[in-house]
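> Residue-level listing of the chains:
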Amino acid sequence: MQKFTSLSAVAAPLPEKNVNTDIIIPIKRLVGTERGTLGEFAFEPWRYGADGRPNPNFVLNQPRYAGAEILIAGTNFACGSSREGAVWALNEFGIRALMAPSFGAIFFNNCFQSGVLPIVLDDAIIDDFMIQAREVVAGSEFNIDLERQIVTSPDGTTVTFETESFRREALLAGLDDLGMTMKRIGDIDAFQAADRDARPWIYGLQHKV
Amino acid sequence: MASRTMFDKVWDLHVVADLGGDMALLHADRILVHDLSGARALGALLEQGLEVRNPELCFAAPDHTVTTNPATGGIGNFHETCVRPLQDLTAQGKIRHFGLGDKGFGILHVIGPEQGITLPGTTVVCGDSHTCTHGGMGALAWGIGVSELVHALATQTVMQRKPKRMRVNFDGLLPDWLSAKDLILHVIGREGAASGDGYAVEYAGAPIRNLSVEARLTLCNLSIEMGAKVGMIAPDDIIYQYLSGRPYAPVGADWDRALAVWGELASDSEAAFDAEVNVPIDDLAPHISWGTSPEHTIAVTDRIPDPADEADLDRRQALSAAQEYIGLNPGAPIEGTPVDWVFIGSCTNSRLSDFAEAARVVEGRKVSEGVRAWAVPGSEAVKAEVEAAGLHRVLEAAGVEWRLPGCSLCVGANGETVPAGQRCVSTSNRNFVGRQGKGSRTHLASPAMAAAAAVTGQITDVRKLMG
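The listed protein sequences correspond, in order, to chains A and B. Here the working numbering = 1-based position in the first sequence + 13. Here the working numbering = 1-based position in the second sequence + 471.
Please keep in mind that the hints were generated in silico from the structure rather than gathered at the bench. Where hints are given, some of them may not hold.
[As the list claims (entries may be wrong)] Here's a subset of chain B near chain A, in silico, CB distances under 7 angstroms, partners left out: (1) PRO526; (2) GLU527; (3) ALA860.
[As the list claims (entries may be wrong)] With a straight-line cut-off of 30 angstroms between C-alpha atoms, the simulated DSS-like cross-links for lysine-lysine are: (4) LYS635(B) - LYS565(B); (5) LYS41(A) - LYS574(B); (6) LYS837(B) - LYS41(A); (7) LYS633(B) - LYS16(A); (8) LYS935(B) - LYS196(A); (9) LYS196(A) - LYS635(B); (10) LYS480(B) - LYS633(B); (11) LYS196(A) - LYS574(B); (12) LYS196(A) - LYS633(B); (13) LYS909(B) - LYS837(B); (14) LYS909(B) - LYS41(A).
On a predicted model such as this, the values are computed, not experimentally measured, just so you know. Backbone N, C-alpha and C fix where the C-beta goes; we use that ideal spot for every residue, glycine too.
Can you make the complete structure from the sequences, with help from the hints?
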């Protein structure tokens, strides 16, 4: 998994609340497709018109946000379906970090499996960052420092954010959940051994019906 | 021990390791595997040379991409690319696979409870956000991504941050022709699609105790639509009676021991919740969504909201965009809106009681000309129950198509979709842009309301139709 340490990049503002993962990647793009091909379909329903051409009004089609690696989003971003393809599509499009007042809870966990950093910030800060991102002069960037947990916006404002220390260490080292849990197999063996005595009905299910 | 909520009790039972902060490694008692995320996860697992740690705790069914056309036996366009790979991968992983032709086949969130796989106090995970459905059994159940699923299959654990706790307290008597679907749509419409962000929700109150198992599953199913990954209801005798004798439910001494544990799961009377929401239900009318988020929900007697009444600019624009997509005008009554399609099905509402309710409404009536109405059972077992009761004949006599089990029109992953621009009253859980097909317009409602729309050709207050 790719590491995340720090990032300086253009940020695109997407103020809509409750953006769902069906918008980020439609289901038909996830049926029988391979990872690595999803970037062009990120936000497909909004990014392209009925004729299949890029919709010039959509933020990620606007030249000043070309190369944006950060998305500033509204409340409850990426709610809905658990599809991890939403993270893959964003990441393959080039997004490495997201800032929003809140995220869909399943999406939030999925981000950490691909080295994408979701940052939760207060509404007022997000509102201010949206304004800064909209008024951006070409080339001005937001800086995200994960080690120090600080975001610096183009006007020089710095805000701190929180990540679980466990999650932070994993991102800094480029480890996904599985890499870390494989070191704890002994804990799992011990849990199951005790649990088989305490809750025998959970285990030993035979193939029935 | 200090007072604890039901959520905390179940969480505590499953902590394999404390990872610091609010993070824990939790044991997954049950892993459910479907033909999209599940096949992908199993493929990735085996590719990495890893094995399924506890195949006997994993269960699979190809619910998303099977076709529900009765003429096909369920074999559709994605049979070779999705359905067969799941069959092959589960055989390699030694996982119980409820495939096409198996009398246990169905939507995972229907067959979990039905087979006795989902039990009170268990943790259930699946690469599907509506896994929260199983909370109706008193399970701690939530949706995970593909990578988390690979992790779960390899280690039988999931890494989770402990959410805050919310209790939604219902109070009053459920009015005639209202259902669990109306209750939860009302909550989401009132509280918002983000109101459950960061919470595990427990539904409580006297009306909940009176709900059937199927109604509880419907209620918990929509928890994710208010942002809550987890929704739960304390188990009681209604649940135990339902489970007793089901194929994977415990028997004998195990059953007695399980009952003793389940009886202790309810939240302690002194347990503190981080948030409490109170919902009086005496005067509720049937609910239906008008827009493109489940929070865009109103009583059927209400009018479409006017964006001009919104002070917040972003919210105003969002309402306008939703109305443009859905093709409705601000201030117009929602009742009387013409419909083209009706879908009764999905993990929300595809169980025996749902079809019984729909049958009561359509009996002696005809599906309105120009309307296409589908009834899609959640499982082979539901299909058999409905047919044994003769309800499918009632539906078919009215002109409702009685189909094969599967997720079908809820998400259109199998190619079954509502055409662009057409309007569908649907018993499913999401009215997102393009959810039922590119350009499709979805109105979420109960089976009774969907049936009423089918026979009148428009959005109708089922109470008027049924006197």
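> Tell me the hint numbers this structure goes against, listed in increasing order.
Numbers 1, 3, 4, 6, 8, 11 - these are the hints that the structure violates, sorted from lowest upward.
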